[in-house]
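J.: Now for the letters of each chain:
There are 2 protein chains.
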Amino acid sequence: MKSESVSSGRSALLALQRATHATLHLIATELVDLDLTASEINALANLADGHARTVSQLGAAVGARPTTLTSVLDRLERRGHITRGTRAGDRRSVLIELTDSGRAAAAVITQTLTDVENRALEGLPAEAVAGFYAVLDALVKEGS
Amino acid sequence: MKSESVSSGRSALLALQRATHATLHLIATELVDLDLTASEINALANLADGHARTVSQLGAAVGARPTTLTSVLDRLERRGHITRGTRAGDRRSVLIELTDSGRAAAAVITQTLTDVENRALEGLPAEAVAGFYAVLDALVKEGS
DNA sequence: TTCACGTTTTCGGATATTACGATATCGGTA
DNA sequence: TACCGATATCGTAATATCCGAAAACGTGAA
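Respectively, the protein sequence lines represent chains A and B.
Just so it is clear: in the first sequence, position 133 is 133 by my numbering, and no numbers are missing.
Just so it is clear: in the second sequence, position 128 is 128 by my numbering, and no numbers are missing.
FYI, nobody ran anything at the bench for these hints, they're computed from the structure.
Watch out, some of these pointers could steer you wrong.
[To be verified] Residues of chain A placed beyond 10 Å of chain B at every Cβ, according to the derived structure: (1) R10; (2) D33; (3) T86; (4) T99; (5) A104.
[Unchecked claim] Some chain A residues near chain B, calculated using beta-carbon distances under 8 Å: (6) T23; (7) N42; (8) G63; (9) P66; (10) L69; (11) V94; (12) L95; (13) D115; (14) V116; (15) L124; (16) A130; (17) A134; (18) L136; (19) S144.
The structure displayed is predicted, hence computed values, not measured ones.
Cβ atoms here follow ideal geometry from the backbone N, Cα and C, with glycine treated the same way.
Put together the whole structure using the sequences plus the hints.
T.: Listed below in structure tokens is the structure:
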């Protein structure tokens, strides 16, 4: 038996996109009170750990080019959720940091993500979740 | 021990989005010769089995509203990749069907998806892939 | 038959997303 | 100083997405 073992009749990539769309819609619905777009939610979620990041670093995390992030960060800055500071030692870089209101919004986002996740994964064996992460990591690695 | 077993320190939803972005970029790069957008690729991939679908059905498959698909299908129709026919028995519905060139493009897309998938999942145990699908299904179910 | 109501798709309009090329600034180096 | 690479932003353009309304059709009840 050769290495066609992963073939399952389904397309993992199409299933991946479907799941992403479905959860994105769900999250957007639950977070409608925050009045944020999906990109803004994604940016805040990635900043939720409190670590400041440059635009490039954030772009790598969310899978977007720095040019794409500029307008997203514009809105977040206008809303008072982030600040753009200069990094000591390299004034080319812009350090994105959460403000108090940004931290509050990010906390709500993180909590909602965790809740949805727990609801969905409840009852699944730990090996399934481990496999899920293993495949995700493999896909990310393949795409870089 | 309660049911906090799924908590792993990572956010499954953020990881999901990252993997989707990464694979999306990879696929777009490999399929650049087809001169199609990500939405068009997604639509064709879902039609690749040869079955005709209504706009609503296709929308459910790709996770978009019928209004969103209209312009995507407009371009695919202009390019000669699909036809819009009426369904016998219910002339409200529009049946989306692949043309010869659409079938050819869809075949290239399917092949590329399969290749990427096989490269990425090569070496992973079958249980990991099974767990991946189980989690994906759970997430989709949670979002509907 | 006729009419009211639901379904399916499209259209108009609005906003968001995404990115390429060009630009300005900065850091490091010769 | 002059130059090259890195970083972020701006200008511009094509897509993506969706809401509300409209058009066409189907269904069932009066």
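J.: Look at each hint and say if it fits the structure.
T.: Cross-check of the supplied hints:
1. R10: 7 Å, violated
2. D33: At about 19 Å from chain B, D33(A) clears the 10 Å cut-off, so the statement holds.
3. T86: 27 Å, holds
4. T99: 21 Å, holds
5. A104: 18 Å, holds
6. T23: Where the cut-off is 8 Å and the nearest Cβ of chain B is about 5 Å from T23(A), the hint holds.
7. N42: Holds: closest Cβ of chain B sits about 7 Å from N42(A), inside 8 Å.
8. G63: 3 Å, holds
9. P66: Cβ of P66(A) sits 15 Å from chain B, so the hint is violated.
10. L69: 13 Å, violated
11. V94: This interface hint is violated because 22 Å lies over the 8 Å limit.
12. L95: 21 Å, violated
13. D115: With a minimum Cβ separation of about 10 Å from chain B (threshold 8 Å), the hint on D115(A) is violated.
14. V116: This interface hint holds because 6 Å falls under the 8 Å limit.
15. L124: Since the shortest Cβ distance to chain B is 6 Å, the answer is holds.
16. A130: With a closest approach of 7 Å, the A130(A) hint holds.
17. A134: Holds, about 4 Å.
18. L136: With a minimum Cβ separation of about 4 Å from chain B (threshold 8 Å), the hint on L136(A) holds.
19. S144: This interface hint holds because 6 Å falls under the 8 Å limit.
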